[in-house]
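Chains as they are written, first to last, in the working numbering: chain R, 25 to 247; chain G, 8 to 158; chain W, 866 to 1172.
Do not rely on the hints blindly, as some may be mistaken.
Unchecked claim - Which stretches of chain G does chain R cover? Using the computed rule of at least three CB atoms under 8 Å from a CB of chain R, they are:
(1) 14 to 26
(2) 68 to 75
Said to hold, decoys possible - Examples of chain W residues lying across from chain R (beta carbon under 7 Å, computed):
(3) Pro-890
(4) Ala-1048
(5) Gln-1056
(6) Asp-1060
(7) Met-1061
Quick caveat, the hints were computed from the structure, so don't treat them as lab data. Each residue gets a CB set at the ideal place from its N, CA and C atoms; glycine is no exception.
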Amino acid sequence: MIVAQGKPIAEVAKMIEDANKILVVGCGGCVTVCLAGGEKEVGVLASALRMLRKKEDKPLETVEVTLSRQCDPEYMDQLEKYVADDIDCIVSMACGVGVQFVAERFDKWVVPALDTKFAGGALEHGVWGERCGLCGECVLHKTGGICPIIRCSKSILNGPCGGSQDGKCEINPDVDCAWQLIYDRMKSLGKLDKLLEIEPVKDWSKSRDGGPRKVVREDVMIK
Amino acid sequence: MSDFEPKIVAFCCYYCAYSAADLAGSMRLQYPHNIRLVELPCSGKADIRVILEAFERGADGVYVAGCLEGDCHFLKGNIMAKRRIKQAKKLLDEIGIGSERVEMFNLSGSMGPRFAEIAEEMTERIKKLGPSPLNPAYARKQEAADKEEAK
Amino acid sequence: MKSGSRLEKLLNQGEFVVSGEIGPPKHANGEIIREHARKLKDYVDAANLTDNQTAIVRMSSIASAVHVMAEGLEPIVQMTVRDRNRIGIQSDLLGAYSLGVRNVLCLSGDHQSFGNHPTSKNVHDIDSIQLVKALKDMRDEKKFICGEEIKENEPRFFIGAVANPFGDPFEYRVLRLEKKINAGADFIQTQCIFDMERFEKWMEMVRERGLHKRAKIIAGLMPLKSHKAARYMQKYVSGMIVPDEIIERIEKADDPKAEGVELCVEQIKHLQKIEGVAGVHIMAVNWEEIIPTIVEKAGLYPRPKVL
Chain R
25 MIVAQGKPIA
35 EVAKMIEDAN
45 KILVVGCGGC
55 VTVCLAGGEK
65 EVGVLASALR
75 MLRKKEDKPL
85 ETVEVTLSRQ
95 CDPEYMDQLE
105 KYVADDIDCI
115 VSMACGVGVQ
125 FVAERFDKWV
135 VPALDTKFAG
145 GALEHGVWGE
155 RCGLCGECVL
165 HKTGGICPII
175 RCSKSILNGP
185 CGGSQDGKCE
195 INPDVDCAWQ
205 LIYDRMKSLG
215 KLDKLLEIEP
225 VKDWSKSRDG
235 GPRKVVREDV
245 MIK
Chain G
8 MSDFEPKIVA
18 FCCYYCAYSA
28 ADLAGSMRLQ
38 YPHNIRLVEL
48 PCSGKADIRV
58 ILEAFERGAD
68 GVYVAGCLEG
78 DCHFLKGNIM
88 AKRRIKQAKK
98 LLDEIGIGSE
108 RVEMFNLSGS
118 MGPRFAEIAE
128 EMTERIKKLG
138 PSPLNPAYAR
148 KQEAADKEEA
158 K
Chain W
866 MKSGSRLEKL
876 LNQGEFVVSG
886 EIGPPKHANG
896 EIIREHARKL
906 KDYVDAANLT
916 DNQTAIVRMS
926 SIASAVHVMA
936 EGLEPIVQMT
946 VRDRNRIGIQ
956 SDLLGAYSLG
966 VRNVLCLSGD
976 HQSFGNHPTS
986 KNVHDIDSIQ
996 LVKALKDMRD
1006 EKKFICGEEI
1016 KENEPRFFIG
1026 AVANPFGDPF
1036 EYRVLRLEKK
1046 INAGADFIQT
1056 QCIFDMERFE
1066 KWMEMVRERG
1076 LHKRAKIIAG
1086 LMPLKSHKAA
1096 RYMQKYVSGM
1106 IVPDEIIERI
1116 EKADDPKAEG
1126 VELCVEQIKH
1136 LQKIEGVAGV
1146 HIMAVNWEEI
1156 IPTIVEKAGL
1166 YPRPKVL
């Protein structure tokens, strides 16, 4: 899932300081699962903003709604009835995708309430870790299912670098060295010989370096 | 500010604090009338959103009272509550209401006197802090203070 | 002869080589580099010019190499993959060669979080092994990374790589060295050695696989100025092992600096006896002026001539 985290309330408050009425839009997708922008967080943010403004004697009116997903135009239709003329600003509690979909759809000032962090998963309740670098060409079959692109701080394809010690990365003793994990795994799978092959330079054009990407699946297109 | 009577909402777990309140009553213990009790099936049910709602609707202070640690009927509800209060404190500081206005307490159903004591303690604390910035009394107090300064 | 560099020639002659290291300054005046070069040139066969070491912005290693050459000392240009993509790296290599640089040392580079621009973006378009291969392909296949032919004047470098016998996973360190040699490394400089026992164990594994015959292994050393510096490295420098005995030895000495020199000289003499060690690389960080003393005391002065 896309893992996101709420911005500090003051930061969001600053973005909407000129607004008298805002629409706070949650997302039922990833950010609900990672407890950053679902129905509940919409309630908390709206309440916090109202109180902050009441304290400043500049009351704020809020409308709260949570869509099934903000990254799909179908669900965006459902938002239409809430986007009234008197809404001064839409606060999206989705990842960066959702914020942009809302902005593309409605002729309103749209601001993000979250910082989109990474593609990852839950390590335990309340802790999420990064797992995918979205590089556009998966190499996990070569590395025992551990991604060197995103889990190695230097994205080394022929690792580990000299900074790996006691299984940890040089940048921080809390960070596992991805190449130690890869080595251990390949060893236990009896596939160490695969690591001796020199991995050639990567084609980063399939990643963001190739410009904004698009996936087109004609087989499932309707139009 | 001696005339300030704060509104305090106490979210009480059915298994401990709520029973302790009953016990305090039957023991005829006096505790401040500022406390409004809300019964919860477990302190773990105390949602941040609900706590914020209490403040938004005019509470000057809020506390959650759950079972002693290790004694939760639902094993870890009170531990969850503790973490949520920590988060609520952070939010209240960010909003400018102040983290001191919310607190977590632990007690057992047999601790009637402790219940009264907590009520007393919290009322004293909030009285010292004065009205919540959202309370109309807060503005009056500020005005008075400004006038005092002008003199 | 691959590159014709002095370092390459001396190694081929079978000499026990000595190289030093010069850290470029954090400003735009090359005089300090020239001064170091003048002091070192009769005592070392070549000197590394670091590439923004520990991710702190310094004068470029290639520009620094030009200053060093002007004083008659041969440079080993360090090239990290942290700050440049494959376009920048190849372009800089063409430029370095045109200016007379013949030795290049390929590294990953310390993570930028250690340096003075921790909020910068890192590149890591290619890794250090891929860089070694790129240098080899430019020289021996006359090809750029993309496969396009270099029609004339291909850069012919003596290719260096680094190895860390003290990093983990230990068992894999020698295999990765082999990978670097397979990619085209001609010489290897190791991380600073303090734990001689582990280094010897590592060299044994190197010899088992015959790697010392395929590339020249140059042992890295760092003279210690004080026990505090040693303690700092033990604690905070990644991929380094500094045994307590060494720190205590420096700490107890009446003159810690002299003891540091003494220790370094002992290490050199010990390394000379290890089969497969082709030389030493002395990294005297902020203490470049001590190198002549160490070289003399180790009996490695005067330096041999190219035959």
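Here is what the structure says about each hint:
1. 14 to 26: violated (count 0)
2. 68 to 75: Answer violated; 0 residues pass the 8 Å Cβ test.
3. Pro-890: violated (25 Å)
4. Ala-1048: With a closest approach of 6 Å, the Ala-1048(W) hint holds.
5. Gln-1056: With Cβ-Cβ at 6 Å, under 7 Å, it holds.
6. Asp-1060: Violated. Min distance 12 Å.
7. Met-1061: Given a least distance of 18 Å, the restraint on Met-1061(W) is violated.
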